[in-house]
Amino acid sequence: MLTEIEQMAVIQQVLDGDIEGFAVLVTSFQEGVLRMAFAITGDRAAAEDVAQEAFVSAFRHLHTYDASRATFPAWLHGIVRNASRNIVRQRKGRNLNYQTGAEASEAACPRLCPDDALGIQEQMGTLDQALASLPGEWRRAFALTEIEGISYADAAIMEGVPIGTIRSRVHRSRKFLQEALTRNLNPISER
Amino acid sequence: MKLEIPEDPYETWLTRRRRDFSEAELSYQVMASVRSMEAQPETRRSRFASYFGVPSTIVGAARLSLFILLILIPA
Numbered sequence: 009m010l011t012e013i014e015q016m017a018v019i020q021q022v023l024d025g026d027i028e029g030f031a032v033l034v035t036s037f038q039e040g041v042l043r044m045a046f047a048i049t050g051d052r053a054a055a056e057d058v059a060q061e062a063f064v065s066a067f068r069h070l071h072t073y074d075a076s077r078a079t080f081p082a083w084l085h086g087i088v089r090n091a092s093r094n095i096v097r098q099r100k101g102r103n104l105n106y107q108t109g110a111e112a113s114e115a116a117c118p119r120l121c122p123d124d125a126l127g128i129q130e131q132m133g134t135l136d137q138a139l140a141s142l143p144g145e146w147r148r149a150f151a152l153t154e155i156e157g158i159s160y161a162d163a164a165i166m167e168g169v170p171i172g173t174i175r176s177r178v179h180r181s182r183k184f185l186q187e188a189l190t191r192n193l194n195p196i197s198e199r
Numbered sequence: 510m511k512l513e514i515p516e517d518p519y520e521t522w523l524t525r526r527r528r529d530f531s532e533a534e535l536s537y538q539v540m541a542s543v544r545s546m547e548a549q550p551e552t553r554r555s556r557f558a559s560y561f562g563v564p565s566t567i568v569g570a571a572r573l574s575l576f577i578l579l580i581l582i583p584a
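Chains as they are written, first to last, in this note's numbering: chain A, 9 to 199; chain B, 510 to 584.
Check the hints yourself; a few may be wrong.
[Stated by the list, open to error] Negatives, chain A to chain B, calculated, CB over 10 Å:
1) V96
2) R97
3) K100
4) W146
5) G157
[As the list claims (entries may be wrong)] Derived list of chain A stretches under chain B, where covered just means 3 residues or more per stretch with a C-beta under 8 Å from a C-beta of chain B:
6) 24-30
7) 56-68
Derived by calculation from the structure, the hints in this document are not laboratory data.
As the structure is a computational prediction, the values presented were derived from the model and not from experiment.
Yeah, the Cβ is synthetic: ideal placement off N, Cα and C, and Gly gets one too.
Please model the entire structure based on the sequences and the hints provided.
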């Protein structure tokens, strides 16, 4: 990950005409951008389209970036949010392929026996679906802080809301996800 | 053979979500788009826009307003 000073140096380099320098920014931020886009859209293919569109848009508008108003990741986050909104709007009516944690589960735990792997995949899928069913602003607050590890204060700036709002959205999201998991683990107690 | 069973499914899921897209490789596609954008000839309007750091639609709107004013003033 680039430091803020390095980010500024690369941005200046790109603005001075060395467009190849932009690849450094893409490589540095792509993981976070994809995870955020996935958290918003709930669809891997859509997340890739969002990330692509967001980076191209960031390049096009790089001259408007003002470091005194926002950090580069925060500025990029705004672009990702808008790009996600556009893609979701464009694909409204078409099904977004929500993917469960099955793939990740297989890749992460190749040594598990089939029965265990199935149970875990189901739990991961339950949590993925629960995350997808959260309201957008809760999901973004959760993804920013719990997945990306961004502080509540920075997430509040990125989302343009007070820090208490972020705290409450994350708390509610966490509770909702854990309840979804409990329901999945103890389906009988629900009856 | 039970070798790796997560104790807390929520923590396991969170760890996996944090690792998601670690193998991503976007720069090739993004840079291809960026290079093709740069290869397009720059219009006077976009050159102006980039010089003043404003969207080119604003330059277009300003140019149109100026044009309308120039027509109205003699009238």
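Structure-based check of each hint:
1. For A/V96, the shortest C-beta to C-beta distance to chain B comes to about 19 Å, beyond the 10 Å cut-off, and the non-interface label holds.
2. Once the 10 Å rule is applied to beta carbons, A/R97 is consistent with being away from chain B; the minimum gap is 20 Å.
3. A/K100, annotated as away from the interface, keeps every beta carbon of chain B farther than 10 Å; the closest lies near 24 Å.
4. Look at A/W146: its CB is around 15 Å from the nearest CB on chain B, clear of 10 Å, so calling it non-interface holds up.
5. Not every CB of chain B lies more than 10 Å from the CB of A/G157, the least distance being 8 Å, so the non-interface label is violated.
6. Residues of the stretch 24-30 of chain A lying with their CB closer than 8 Å to a CB of chain B number 3, which satisfies the three-residue condition for coverage.
7. Counting residues of the stretch 56-68 of chain A whose C-beta sits closer than 8 Å to any C-beta of chain B gives 7, which meets the bar of three, so the coverage hint holds.
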